[in-house]
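Asks: Keeping their order, the protein sequence lines are chains A and B. Its first residue numbered 1, the first sequence is counted upward by one per residue in UniProt numbering. Its first residue numbered 1, the second sequence is counted upward by one per residue in UniProt numbering.
Keep in mind the hints are simulated off the structure, nothing from the lab. Bear in mind the structure is a predicted one, so any value in this text is a computation, not a measurement. There are no misleading hints in this set.
Below, computed lysine-lysine pairings styled on DSS-like, alpha-carbon distance capped at 30 angstroms:
| # | chain 1 | residue 1 | chain 2 | residue 2 |
| --- | --- | --- | --- | --- |
| 1 | B | K64 | B | K325 |
| 2 | B | K37 | B | K101 |
| 3 | B | K64 | B | K90 |
| 4 | B | K381 | B | K354 |
| 5 | B | K381 | A | K112 |
| 6 | B | K299 | A | K112 |
| 7 | B | K69 | B | K90 |
| 8 | B | K372 | A | K112 |
| 9 | B | K64 | B | K125 |
| 10 | B | K205 | B | K222 |
| 11 | B | K342 | B | K397 |
| 12 | B | K125 | B | K401 |
| 13 | A | K112 | B | K205 |
| 14 | A | K112 | B | K377 |
| 15 | A | K112 | B | K64 |
| 16 | B | K191 | B | K397 |
| 17 | B | K184 | B | K163 |
| 18 | B | K90 | A | K112 |
| 19 | B | K342 | B | K64 |
| 20 | B | K343 | B | K325 |
| 21 | B | K101 | B | K325 |
Cβ-Cβ distance ranges computed for the label pairs, FRET-style:
| # | chain 1 | residue 1 | chain 2 | residue 2 | range |
| --- | --- | --- | --- | --- | --- |
| 22 | B | R304 | A | D177 | 54 to 60 angstroms |
| 23 | A | L264 | B | K125 | 52 to 58 angstroms |
| 24 | B | Q137 | A | P298 | 44 to 50 angstroms |
| 25 | A | D276 | B | I383 | 34 to 40 angstroms |
| 26 | A | A157 | B | T385 | 56 to 62 angstroms |
| 27 | B | E300 | A | L84 | 37 to 43 angstroms |
| 28 | B | G371 | A | L156 | 43 to 49 angstroms |
| 29 | B | L115 | A | V284 | 25 to 31 angstroms |
| 30 | A | L264 | B | K184 | 21 to 27 angstroms |
Positions of the beta carbon are idealized from the N, C-alpha and C atoms, including for glycine.
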Amino acid sequence: MSGILVLEQLLNGIGYGLMLFLLAAGLTLVFGIMDVLNLAHGSLFMAGAYVAAEAHTRTGSFAAAIVVAVLVTVVVALLIEVLLMRRLYKRDHLAQVLATFGVILVADDIVKMIWGPSPVMAPTPAALSGPVELMDGLPYPSYRLVVLAGGLLMALALYVLVNHTRIGMRVRAGASDRPMAELMGVRVGRIFNGVFLLGAALAALAGALMGPIVAVQVGMGEAILIPALVVLVIGGIGSVRGAFVAALLVGVVDTIGRAFVPMLLRATLPPATAADLGPLFAEVAMYALMVVVLIFRPSGLFSARA
Amino acid sequence: MRPTFLKSPALPRTLISLLLCGAALGASVSAVAAPVKVGLALDISGPFAALGAEARDGFALGIKQLNGKLGGQDVEFVQADMAGSPDQAKQLVDRMIQRDKIDIFSGPIGSNVALAVGPTLFNAKVPYLSANAGPSQFAGAQCSPYFFGTAYQNDQFHEAAGKFAQDRAFKKIVLIAPNYPAGKDALGGFKRQFKGQVADELYTKLGQIDYAAELAQLRAAKPDSIYFFLPGAMGINFIKQFVGAGLSKDITLVTSGFSADEDVIGAVGEPMLGLFNTSHWAHDLDNAANKAFVAAFRKEYNGRYPSVYAAQAYDAILAMDAAVKQSGGNAQNRDAVVAALKKANYASTRGTFKYANNHFPIENFYLRVIGKDAQGKVTNKLINTVLTSYGDSYASKCAMK
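The following block holds chain B by itself, in its conformation from the complex (with noise of 0.2 angstroms):
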């Protein structure tokens, strides 16, 4: 039976009235009735469509994990996919910060988007955690206190390889990489940290299919090493023609982790075997986090192994969680959100780690090597820490304290 009060239709919006008011007057912790809003844009189409699938489980996880909620507050995700494209992808986060206002955005795969959207956002004063992008010019002369690199600074990766290929002392070592900025500042990255014999610099098309002609030159030029950034599919027809051209026997690959990911040993197999690369997370890296975090995205996604795209996605949802829990609740404001990210104090995959300041990480970087694991899959394996606690090179550009 009925409670008969409720046959007033009058009645039931004065209590939920009431009801509100008790809200407002009583409590500072349940202070805010609009949920947060977090606008993720996904790279699920484009060039990045691969690591972008990779970065949306990352989040799903997150989100699931914490009940759709970030510190006990109610959140409302609004998602799309801007396929990569700077021009879609502002006029998405547009959209998001005019329409659907927006408290904290994350997403973007490609450090092109990166710096198309960062502007916008930063007028809006919307944080913006980028999950992987870390273009050198966010952490420079263009720092902002809204911008938050929350994986890493992109020459990092390169500079822990030249670390890497340091303490191995090679004699000898070739690099390579496409002809465009990032090529560049990668071989650029790998050079501040490598001081042997750099034999010779090949710079290829982008987008190259064919590596023939470079792998002839590197037999003619017989290094004992060689460092390569190739990112996606160029990458991919790398290692295959180095393999089938058998110059695996004499010369050791090297290359940064975003070219030997679960994404690019799905694609090529056992070849890898043996490629040394560096990346600031690894999924056997040794913390309680780390371990949940793996063994939970493995048993969602059918036993497959996270890549370091899925592992930063739910990091940047897990810095949120904490980042709203931490200013008390009220993702509005907007300046105890960013001083509770600067801490960083929320148990991070990769274990703890700080911000400079230029709000990008100091953080250990670590030597994997691809190998099999016991069920003789093929997956990277994590060997030692190259770089601990390493900062980047940017960050006395920037004018932020």
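Just chain A, with the same shape it has in the complex (with noise of 0.2 angstroms):
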């Protein structure tokens, strides 16, 4: 195994979680900040993957289709709002996973009324569909390269929103004591308003960054939602750079997993043992990972609440 190899590896897993992480980000600052368990997320990621698709496929421009699935998905989220989500802020979680499941349902379905039930096709930008070599004997995929990017700029935005900025202080603030907040004069009504609407667009820029890699489909939003709830538990509920921290751990475990371990496994047991042995591992890392996180630190690597 050369040093390429396991460079290039490295990289996949980074990659990988980045794109984790682009999701777990608006989940966890509505499950951290505003404690609502929204599961319907995967559906503004899936309503983002949607409308960049058929915005590109129109207007030929990529960054014009990202421009237009954020603003789109936004007016649907303050929908969501408006009529059902304010309703649940003060109920229980099992009412919020309820209601946002039915979302998800009645998403689906809108979904396959307008693009029917057919995977769309959500073209790669011409200029980026090839590989670059990023050095001798490693090329690599540029569009991934942009998605590595936008990754690390969402990161990045978000700790100077979240840590330097008045809003962000007023957003910890609602969220470690809300009544406190609201007698200092904090509108903390408002606030999660607006971050639920900044999570909605976190979640449509997902899916639009992820559409020319992955297949647009109905459902695409729930099978991308479970990994990233792994990384929600295992970051730490409510805390971004826990969210980051943790996809990351989880892109590159899940990597190594698949990976180096059937690697290993067939250098050191007999080859219908590792044959058996390697998937099995592959499946499990991400979870066995969350349990030993689990295990040593209960509330998550870094819970906002702790």
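Work from the hints to combine the two standalone chains into their complex.
Replies: What follows is the structure, given as structure tokens:
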């Protein structure tokens, strides 16, 4: 196994982690700060991917597609917030799960009505469709570098917003002690609306960015919601920093489980046993990481509420 | 002016009874008053929604062309969506058998659903035309006279791909499939016909989104070809990422027809050009029945090419039509219907074929490649026949003669 392969696989792990982070960041903000479990976050991700695919095909501009996707999804989220979520803020998590699960079902059917049941085409921008030579013997898909950069930029922007701005301070205040923050003059309700819409915008951005490398189809939001929830739990609910670290951890551990563990097994065990065990490790690696983290840090790596 | 006898309320009823008696006495052709009941369990939501919608369109076209009749008999189609769920399908089939008293059944896309509903239908002696799923269980020890795998046995697609790889004499090939029973069966089927060097077998997570780690291993292994069986979204993810990684220059991609049909082409587009795949049917297969079907389908559905799922569903309706006709128009005579189905004497879109002892087809398998049609539309093109009159590998385990 060459050094370049190890490097490439680490890069792959980080890339996958950043993809998960784009989705988990919005989820953790809404869950951690507003204490609302929004399962429909995956549906907003799907909306972003579909709108971006449609806009990209119509306008031919990928940048325009991303902007349109984010705007349209935020409008959809505004409707969901006003019509539904507002009534759920004070209810328990079970009511929130049930209601937002209902939103998933409705969203899937609406998408099917508009775009049909078959997956739709989300083209890769022509300039980014091939690989670039990162170093000698290491070509890397250029579009993945864009996703990587998008994830990193978003992480940085969120870090600055939450930790170094007045709005961020109010968000954190509202999250840690809502009555006190309200007494100090913070309009927590309005802040929460803003956080929900920001979460939706992040989900839409994730969907628009991931469209060109995954299948854009009904139910795509549910498939990626599960690893995103694992990231949320490992990182500590409500912590953007936690989500970032956890997403990278999950990405790298998952890649190690898929890439290196089978190789090690093959080198040490009889081939038949290795062939049976390898995929098993790959499948459980992410969950094993979650279990280990929860044993030592029951509220996640960086819990906002600890 | 109305005829006066209609004013008497008793008369029409008497007339109708008289007519019915006459029909019952006089004719063996139209002796059945009750319409033929056909149960169609559709997959228009759930995991197979895209394929189920194709099948629904195929069924609908067949029914429309036959004016809603089978073998000249009136038909009641009992249709319901069972969302690709074995539980839901089982309930639905129970209801279709007990309440609707169906005579023939067809519909489910998934093999898991076929396995769930099969035994109930066999007990009730309802002929089941499986227009897509061809699980090995029903081809082998659990075969039933009431089951017809009208399309194919699952392994045959992969065996055909293996034969193609063998004929092409690929030196070094890597196989990829999800880590679940159908994935292992697929790679097993491929290896039954491919005798060259399999450099590696990669089993991935079911529903995997990201394939970067596997692609890096492929780049390091430097095979000259890859065979992948990744149904649905997994295949789309894989192809997009494979092309994005620039691997398509040096590695020939081979797959079964499932991952290279019109639904996947619509989602991936031009990056799929040059992908080899195997199937028992192609929309440009040269026979009269197929040409008529493809033309009618494209006319009905805005110029869209039919996928294999649509063709199979359409074919199942034609098979039913022929079986009802050849069994003397009496669909309640199940043995006669089964005997007629077994003959496969109808103009199938795949051309003529025969059933083996286990009621699975002995048919040709073709190599297709994704290219462009005369209008520049990306679609499958037929290249040649890979396997001629090819049966499945389980027929010997079936006790039926």
